[in-house]
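Colleague: Here the protein sequences line up with chains A and B, keeping their order. According to our numbering, the residues represented by the first sequence are 339 to 567, in order. According to our numbering, the residues represented by the second sequence are 815 to 938, in order.
Misleading hints may appear alongside valid ones.
What the hints assert, rightly or not - Only some residues are given here: those of chain B computed to face chain A with a beta carbon under 8 Å:
(1) Gly824
(2) Thr828
(3) Tyr848
(4) Phe870
(5) Asp872
(6) Glu881
(7) Ser884
(8) Leu895
(9) Gly900
(10) Phe904
(11) Leu907
(12) Arg908
Since the hints were made in silico from the structure, they are not lab data. Even for Gly, the Cβ is constructed at its ideal location relative to N, Cα and C.
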Amino acid sequence: MHVPDGFLDAPTSVATGVVAAVGVGVALRKARAELDDRTAPMAGLVAAFVFAGQMINFPVGAGTSGHLLGGALAAVLVGPWTAVLCISVVLMVQALFMADGGLTALGTNISLMALTGALVGYLVFRAALLVLPRRLTSVPVAAAVGAVVSVPTAAALFTVLFAIGGTADVATGKVLTAMVGWHLVIGVGEAVVTALVVGAVLASRPDLVRGARGLATARPALVTTEAAA
Amino acid sequence: MKNRRFLLAGLVVTLLIAGVASFYASSHPDGLEYVAEKTGFLDSADDDPVSTDSPFADYGTKGVDNERLSGGIAGVVGVGLTLLIGGGLFWALRRRGPAEDRDDAAGDVAPAASSPPPVSADAD
């Protein structure tokens, strides 16, 4: 979903740049609470993994493809604010070194994929956890729900930006239907990858999945207290 | 699995995805590009965008003709840069001190306790 230079006019790009700067600023403050000696290296790995994952375009039919955005995935693994920073770093490396996503559109891309992707993905993940049974196996399922919602949400938000500051004269309704429709399909791929990766990390190191805290530890803790009593 | 081994395994998987598997990725336009083309605003993209003249532009490596190698190198470089910038940032931002003694770490039993507290494993 990397927006190139030129799709949006200058005022809109400046505005999304301000939103991105403020969002990343908040994330820099809040991520401190999520990062310690154990989770900081994990967060670096998650950023690198998302970079790699974004290189794998999978076909979704009609000559279109999609790839992992990774916001929901990162948020579940290392926390929402650290996730915002993970995806922002990925987008920065892509724009600066890979010519993927315009440099003047970096603010737009951070707003859509880092802020919207990670935060919406995380909120939906949390909401899904509330209704799912309180056990570890619910975590990948909830992560998948967060992932599948985050992608079309970002696509819808792009359309809003396009309606405000798109440089081409194309009917918003047409763009909205196409964007949300295709990204719903891409979101299914996002959900599958997210659930598989979260599941794999849970299987080997449940303590490194931030979104599983409380669930990961509830059972062993209970058992030990009961045994002690 | 210990911290160091887990991180190493994750890094190997990541490098394999970026360096090897990426060659087999779909070359179809992505969702946004496809929609832009179909609804008719693809041309509004800048023909001559601001460029950093990176030797790895478009996930290829300048001067490397072998397509597999060119993309693989770019992928590995990208992973390295992301790890360096991201990892450095997160390491600088982290709360200092042992990880265990905060939060609701009361039940943080098995894996955390089994790995020795001074987990500066990645500092090499």
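Colleague: Decide, hint by hint, whether the structure agrees.
Modeller: Evaluation of the provided hints:
1. Because the closest C-beta pair between Gly824(B) and chain A is about 5 Å apart, less than 8 Å, the hint holds.
2. Interface restraint check for Thr828(B): the shortest CB-CB distance to chain A comes to about 5 Å, inside 8 Å, so the restraint holds.
3. With 8 Å as the threshold, the beta carbon of Tyr848(B) comes within range of chain A, its nearest partner Cβ sitting at about 4 Å, so the hint holds.
4. For Phe870(B), the suggested interface contact is upheld, since its CB lies about 5 Å from the closest CB of chain A, less than 8 Å.
5. Proximity of Asp872(B) to chain A holds as hinted, the smallest CB-CB distance being about 6 Å (cut-off 8 Å).
6. Nearest Cβ of chain A to the Cβ of Glu881(B): about 14 Å, over the 8 Å cut. The hint is violated.
7. Annotation: Ser884(B) was flagged as interfacial toward chain A, and the flag is violated, the nearest CB pair being 13 Å apart, outside 8 Å.
8. Below 8 Å, beta-carbon pairs count as interface contacts, and Leu895(B) has one with chain A at about 5 Å; its hint therefore holds.
9. For Gly900(B), the suggested interface contact is upheld, since its CB lies about 3 Å from the closest CB of chain A, less than 8 Å.
10. Taking 8 Å as the C-beta cut-off, the interface hint given for Phe904(B) holds, the closest approach to chain A being about 4 Å.
11. For Leu907(B), the interface hint holds, since its Cβ comes within 8 Å of a Cβ in chain A; the closest pair sits about 5 Å apart.
12. For Arg908(B), the suggested interface contact is upheld, since its CB lies about 4 Å from the closest CB of chain A, less than 8 Å.
Violated hints for the displayed structure, listed by number in ascending order: 6, 7.
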